[in-house]
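Asks: For reference, the chains in residue letters:
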Amino acid sequence: MNAAVTSADAAERVAPPNDRHPMARIVRALTRSESGHLLRHPSLLIGVALSVLLIRTAASGNILTEADGDVALGLVPLAWATLIATNLSALRGRRDGSAELFGSLPSAPATRTAAQLLAGWVAVVAGVIVLIGWLVLEWRSGLAIGSPNVAQLVIGPLLVAGAAALGVLAARWLPHPIVGPLVVVATTVVQAGPLSSGTSPLRWMAFAADATSPASAPGDDGIAFPGPVDWHVLYIGGTILIAGVLAVARHGFSRRVSLALAGAAALAGVAAVGQTRPLSDDEISRRDALLTNPPAVCEVRSAVRYCAPGDFRARFGQWEGPVKAVLRRTPAEVRDRGLVVSMRDLNVTSSPDCTPTPLLALLPPRVRAAVDPAAVWPADGAVHPDREWPWDEECTFTDHGVALTVQVGAWAVGLPPAQAAASSPCQASGQARSVVALWLAGQATPGGVRGLADIGRASGPGTTVDFGDSANQPSWGVAYAKADLALALALLERPVDDVARIVTESWEQLVNPSTPSAILGARAGIPAAASVAGSAESTNAPRCP
Amino acid sequence: MTTAVSLSDIEKSYGRTRAVAGVDLVAEPGITGLLGPNGAGKTTLMRMLATVLAPDGGRMRLLGHDPGEPDGRLAIRRRLGYVPQEPGYHRNFTAFEFVDYVAILKEMTDRRARHDEVRRVLGLVDLTDVSGKKIKALSGGMRRRVALAQALLGSPDLLVLDEPTAGLDPEQRLRFREVISAVATDATVVLSTHQTEDVSALCQRVVVMHEGAVRYDGSVRGLAEGARGRVWLAADRHPSARLSWRTGDGLHRNIGDAPPRADLVDPTVEDGYLLLVGSGAREEAA
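Quick note, the sequences are listed as chains A and B, same order. First residue of the first sequence? That's 15 in this note's numbering, and the numbers climb one at a time after it. First residue of the second sequence? That's 74 in this note's numbering, and the numbers climb one at a time after it.
To be clear, the hints were calculated from the coordinates, so they are not data collected in a lab. Only a predicted model underlies this, so the values are computations on that prediction, with no experimental measurement involved. Positions of the beta carbon are idealized from the N, C-alpha and C atoms, including for glycine. Treat the hints with care, since some could be wrong.
[As the list claims (entries may be wrong)] Pulled from the structure, derived: some chain A residues nowhere near chain B, Cβ distances all over 10 angstroms:
(1) 44
(2) 106
(3) 160
(4) 292
(5) 521
[What the hints assert, rightly or not] Footprint (simulated), chain A over chain B, 3 or more residues, beta carbon under 8 angstroms:
(6) 122 to 129
(7) 168 to 179
Go ahead and model the full structure; you've got the sequences and the hints to work with.
Replies: So, in structure tokens, the structure goes:
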């Protein structure tokens, strides 16, 4: 100890503040201290890393208007890590045995609890940074479609804030280190179980409720759809406030605490009503219009008409190259027929994972009828690319470039480009035109040969090519024969110009439904066995017109 | 001037066990030592002085305030420094961070002034060089000094120190005495300890507790004088001695009812204490 101590040294004082209740300033100072420690907590650092990984996986698509919800959910690992960290921080005094010392100090225990609650802001900021990082990367990729719903994104950081409050709440009322992990498990079970069901009447209570569901109005079965997402955000905010106030209330229900609790409960209650209340007729009409007649933009480029929902306008430039590459190998009269490339809006009928959304069944009959695939996906003769570009890890389709160009090729040779909702893909097995369509696609698409070969390999048993989940996303109008695909792949190994000359010179003959694929194989010098094997009819699908 | 500590007939029980039984105590600026065997009620009394434990009965005023009243308790805590018998440390905090954390809880919210004060008290206990080290990396003695440092924050008017020298090596104990004696010029220090040397060296007054009650309250010299005529040296342990041990020079130091013509020696505080607490002290002395 310092040998130069004098009584004068020891008598130096740091005057306590003059105000009688300096709680706010104490809480602020404590929050700063607690925040620093929370930021360095190993649990939090692990949570950030896991969330980054999860977002990379869950939000691999680039349609920001839809990925926002998945990305917000990507912060769940960070939220749980925050819960553990704040729980342990709030238990620190108990674990370290400093409660007696702190009990002799002038600051009330509630100040420490308040500071530990507020310290959760560092975890929230970490979550926001992760989200912003994701957005920046998406925007810089040049492939991003649309803008995320900010309110939907905000749910992610709110999850983290809620977890921080829950961690402190658990520490105050059930002060044992095992409780934190148990709360994580229990919350996960509740949120992922009964509250996560798309048809649960309580799904609005889930933090991660899909508040941007396209469902427009209360269904006939009386289940209320989630309302506007801002109400859901307010509801989550109110719930977090309740948790925080209850944590502070462990030290006593003062008048101020009671008022705060009442205010938080009122906020959560009002927001709960707000998101479950019946929608006004105007709002229902507006939403129905969005579903039944979604706004689309169209643009003509090089005599091809491209149409898509507004957010997807950026796809036009991405589609244009492969489409042109197909058409340049076709006669002028084909190009003059006026190709239409139009994206189908799949919001209502299928989810991003290519499964039908259960909410479709809950729509009012009039709206359900209007958005029924039979109504919105007619046999219109247009090319209908899906929304992803150039890949989609979640769906069976692995190459959206090929998905587009095969349709353009089919359109060029007179085959139905896309499946209509009311019909199955037709058969053109053994017809030269189906081989031409596949060849046109393969030669026009970067990586198209590999893409077609992959599709052939992944098709499994049977004689037709399985292009994937076409029932939900009917991109394929023709059930191509594997033998025709094999012949197309063989043609693609030949010099493009040589094959192109054959195709151009014999176009009229080759696109005639009565011309067998063997003719094309023979002209290209490909052995007949390779060109005809397996081309026999083998399914009950109708013949293509 | 207000009496810093004024206790009258203070009682505290845990179930059927009376930890403190009718204690009267008055302490003014300076150092008051509290001696007693384990279980004498010292820590219970110290916890009441630190306002973390309320007495079951009696009258208590600290720094002129009633700790039973919320406003009074707050006023006391603003002028109180406390080292618990087993102070808990936030092990992952550095020494600086921990003392700083306590400083915030002591309502020092101006960051720059608070940091200056933290540096000052860490300097007082000679921890400046290790202030950036995590507490879990500090030795037991250093941790005790961290506990003392936090108690010195804001130069409190009342310092309640429950066995603050436990775990300190001899040099650190000497330096501790230096710090506490300097503080005690203005403040009232109540020091609970097993170290009679600390009491001899530091305290103007000593209170001996045994079985929850005060057995002695007076000057340090008076405690030692209580044993005058009852401490003698002899070649062997004398049958009438209540306590006896062989000293370094080969003679037995006997304490008890001295026989005629005994070689009486000057008593120490320890002698007086041992005589006072009786059989309860024998085991400790052994």
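Asks: Are any of the numbered hints broken by this structure? If so, which, sorted upward?
Replies: 1, 2
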